[in-house]
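These protein sequence lines map, in sequence, to chains R and D. The working numbering puts the first sequence at residues 1 to 396. The working numbering puts the second sequence at residues 1 to 396.
It is worth saying that the hints were derived from the structure and are not from the lab. Treat the hints loosely; a few may be bogus.
Since the list gives no way to pick one copy over another, a pair counts as held whenever it fits inside one copy or between any two copies.
[As the list claims (entries may be wrong)] No farther apart than 30 Å at their CA atoms in a straight line, the calculated lysine-lysine pairs in the DSBU-like style are these:
hint: 1; residue 1: K116; residue 2: K38
hint: 2; residue 1: K330; residue 2: K306
hint: 3; residue 1: K147; residue 2: K217
hint: 4; residue 1: K11; residue 2: K91
hint: 5; residue 1: K265; residue 2: K394
hint: 6; residue 1: K134; residue 2: K94
hint: 7; residue 1: K22; residue 2: K175
hint: 8; residue 1: K147; residue 2: K80
hint: 9; residue 1: K147; residue 2: K320
hint: 10; residue 1: K116; residue 2: K175
hint: 11; residue 1: K91; residue 2: K38
hint: 12; residue 1: K38; residue 2: K90
Number of protein chains: 2
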Amino acid sequence: MIMHEPSWYAKERNINIITETKVESAVNDRAQDGTMTKHVVAGGKTYEYDSLVLATGGKVFIPPIEGTNLPGVFTVRTVKGGQEIEEYLKKSQKVAIAGAGVIGLELALALANIGKDVTVIEMMNQVIPRIADKDMADPIQEYLESKGVKFLMKTPVQGVIGTDKVEAVNAGGNKIPCDMVVFATGVRANVDLAKELGLDIGQLGALCVAPTLQAYKRGRLCPDIFVCGDVMQCQSAVYNGPTMSQLGSSAVKEGRVAGANAAGKNLQFGPVASPWVSIIGDQQIAGTGMSLGLASWYGVETVTGKATGLTRARYYPDAKKMTVKIIADKNTHRLIGGQILAGEEATGRIDWITAAILSGVTAEEFLIRAENAYCPPTSQVRDVVFAAVEDLVKNL
Amino acid sequence: MIMHEPSWYAKERNINIITETKVESAVNDRAQDGTMTKHVVAGGKTYEYDSLVLATGGKVFIPPIEGTNLPGVFTVRTVKGGQEIEEYLKKSQKVAIAGAGVIGLELALALANIGKDVTVIEMMNQVIPRIADKDMADPIQEYLESKGVKFLMKTPVQGVIGTDKVEAVNAGGNKIPCDMVVFATGVRANVDLAKELGLDIGQLGALCVAPTLQAYKRGRLCPDIFVCGDVMQCQSAVYNGPTMSQLGSSAVKEGRVAGANAAGKNLQFGPVASPWVSIIGDQQIAGTGMSLGLASWYGVETVTGKATGLTRARYYPDAKKMTVKIIADKNTHRLIGGQILAGEEATGRIDWITAAILSGVTAEEFLIRAENAYCPPTSQVRDVVFAAVEDLVKNL
């Protein structure tokens with residue numbers, strides 16, 4: 001439990017929380033005559049339920065290579081994991097981080113800032129490879145390099161080397177000496193319990209859900225099983241198909257819908273653009289909808305626009321650079337993605353672009369309709385987001 | 001000219017700019033047989049035109065009271081006006097500011113910060129009276145009071161007193177000694193030239209325009225007169241009727257549409273929500289769409305939601321307080337207004353709310369569809385904007 005003690009929930013919310021107890025099995029069976037058998041077994045006890053909420057989350061994907069069980073191998077997922085890393089850092093100087101996603105990069109800078117010798121090892125040719133484009137991500141890599149972080153790009157981690165503990169990693173055939181390795185290699189849905197319940201797993205390896213966040217069993221809705229968080233896949237707002245939205249903000253929205261519906265309401269969870277933002281030192285990078293990489297994977301033809309300006313009026317002191325990239329579907333002209341790289345104020349702007357994407361506007365409509373608040377200390381009179389869409393319309 | 005010298009426009013844009021020259025008269029007449037007479041007279045010379053762009057702007061409204069011609073009376077509108085204020089401040093200690101809109105308040109703080117004795121005199125019972133609600137604006141007044149700015153509320157300025165120069169103002173019958181008075185009492189459309197052209201003036205005292213920003217004459221479109229900036233009224237995005245959008249950001253959008261269309265394009269200027277933001281010391285106040293005051297004036301029934309939270313995760317250092325208020329139409333449940341009071345990061349969020357308003361969502365749809373980017377240093381996992389809409393839905 002992170003936010004409160006179990007006793008807080010008991011007292012303030014009348015919720016009984018059982019910790020350090022694994023759910024051993026779960027049943028949700030409908031007999032021919034319609035009779036339901038519904039219970040979970042946990043800690044040797046059987047609990048019957050009216051509604052079951054599955055919030056089993058995700059687990060960090062660790063590549064199937066040798067040596068990942070050695071002391072000195074970590075993942076970043078839980079508070080406990082963080083505490084273990086903190087402890088092990090006391091006797092470590094060289095740290096290898098596998099994966100250059102935002103978690104890997106935020107960790108890399110934090111470790112460089114306390115004087116550690118950090119090497120990030122990434123299989124792809126850019127940092128933040130799935131959700132950011134190379135032109136937007138490269139400046140983040142350069143920034144981290146300026147802070148002393150080393151990168152091995154286009155290099156898979158092929159093994160962890162050591163006898164009693166981590167001594168090196170095998171990265172693309174090279175032996176990189178290190179005292180510890182942190183895997184920040186993405187999260188997979190934890191569907192163990194869902195499989196036991198016989199629930200439908202979707203194309204992306206996560207639970208299929210209705211907009212009400214109810215689960216399915218062989219295509220039939222399970223009216224009393226609700227799903228939320230990293231274990232589910234959902235509908236994309238920028239593509240007619242499923243997507244993963246493994247973000248804290250999405251999980252909270254899903255939790256509220258699943259919880260309310262489990263208690264008898266009828267809320268819906270909409271299609272997602274999945275906006276994200278990462279603060280890496282004095283650089284902010286944010287995105288929403290599809291990156292060019294994802295669009296290409298989905299087979300969507302794109303046109304992009306890009307503009308660089310300032311976060312304040314150009315005559316106002318301390319303005320930071322801001323680059324905005326906007327992506328549209330080449331055929332429909334609808335906005336399907338946006339990315340921001342800025343020294344400040346990226347968060348609200350990516351939420352703005354997200355709202356525009358969710359409303360289904362074309363690039364041309366955006367230029368006509370969108371508006372931005374202007375004040376010299378916090379924006380240019382015509383915001384950089386506009387300039388990017390203007391460039392996009394030219395390219396269309 | 002503010003941004004560039006006239007010579008820059010001649011060289012870089014092939015635009016001939018004539019400065020310090022008043023347009024004395026303008027003609028746009030259609031004879032019975034369809035023949036057009038089109039020219040302007042300026043500096044004694046006659047210029048024929050294919051397209052005429054009217055960008056005559058606004059002028060600061062100065063109440064019709066005695067003494068406003070005395071030395072020491074100023075308005076805040078032009079760079080020259082600012083320079084004159086700066087010069088006169090050298091021999092002034094006590095400054096009265098008429099009007100507690102954002103311009104008056106930004107000026108009040110700037111003057112208090114350089115040690116002047118500042119009194120703001122406002123006719124209404126709150127600061128930022130037209131576009132912000134009292135509960136959102138009161139903390140700004142308190143903040144300014146903590147910086148030494150004095151306020152006389154519910155008090156009209158009834159006269160400026162002095163023999164050779166300003167010595168005091170008559171504010172609600174009280175004589176307030178001061179060395180200078182600045183009128184920050186709002187801007188009216190400057191329609192002098194438009195009237196001479198016989199163009200239609202709308203209900204709000206500004207020029208009527210088509211979505212293409214063409215003017216009208218007795219209800220008939222003038223295909224070769226284009227309008228932009230503070231001289232025009234436009235369509236509201238939150239009410240079926242006209243509104244004024246006298247903002248720099250709106251003027252730039254309008255200028256691009258009017259200019260492009262004057263040169264043969266067919267762009268449109270959409271209905272506006274008119275987002276604004278003002279940075280007053282370390283306080284930011286922003287708004288979009290209708291305030292409760294405007295809604296009441298328009299006769300729109302409203303329901304509001306409000307929430308206070310933080311600009312960062314609660315465990316993250318240096319989080320600032322953020323209060324968000326959202327206003328919906330009671331009958332349609334559509335979002336029609338939003339206001340933010342925060343220590344940082346208000347601008348992007350008000351643009352986000354604006355995009356939602358422009359897309360026409362109801363409060364309930366917003367809860368289902370909207371998403372926010374999350375990262376502990378720049379937002380809560382469920383942004384305060386969401387919490388405000390949630391409160392609104394409860395109140396609906």
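Verification of the supplied hints:
no.	hint	in the structure
1	K116 <-> K38	neither (52 Å within a copy, 74 Å between copies)
2	K330 <-> K306	within (15 Å within a copy, 40 Å between copies)
3	K147 <-> K217	neither (51 Å within a copy, 64 Å between copies)
4	K11 <-> K91	neither (42 Å within a copy, 65 Å between copies)
5	K265 <-> K394	between (47 Å within a copy, 14 Å between copies)
6	K134 <-> K94	within (27 Å within a copy, 57 Å between copies)
7	K22 <-> K175	neither (39 Å within a copy, 78 Å between copies)
8	K147 <-> K80	within (28 Å within a copy, 46 Å between copies)
9	K147 <-> K320	both (19 Å within a copy, 28 Å between copies)
10	K116 <-> K175	within (19 Å within a copy, 68 Å between copies)
11	K91 <-> K38	neither (50 Å within a copy, 84 Å between copies)
12	K38 <-> K90	neither (48 Å within a copy, 82 Å between copies)
In summary, the structure is inconsistent with hints 1, 3, 4, 7, 11 and 12 from the numbered list given earlier, while agreeing with the others.
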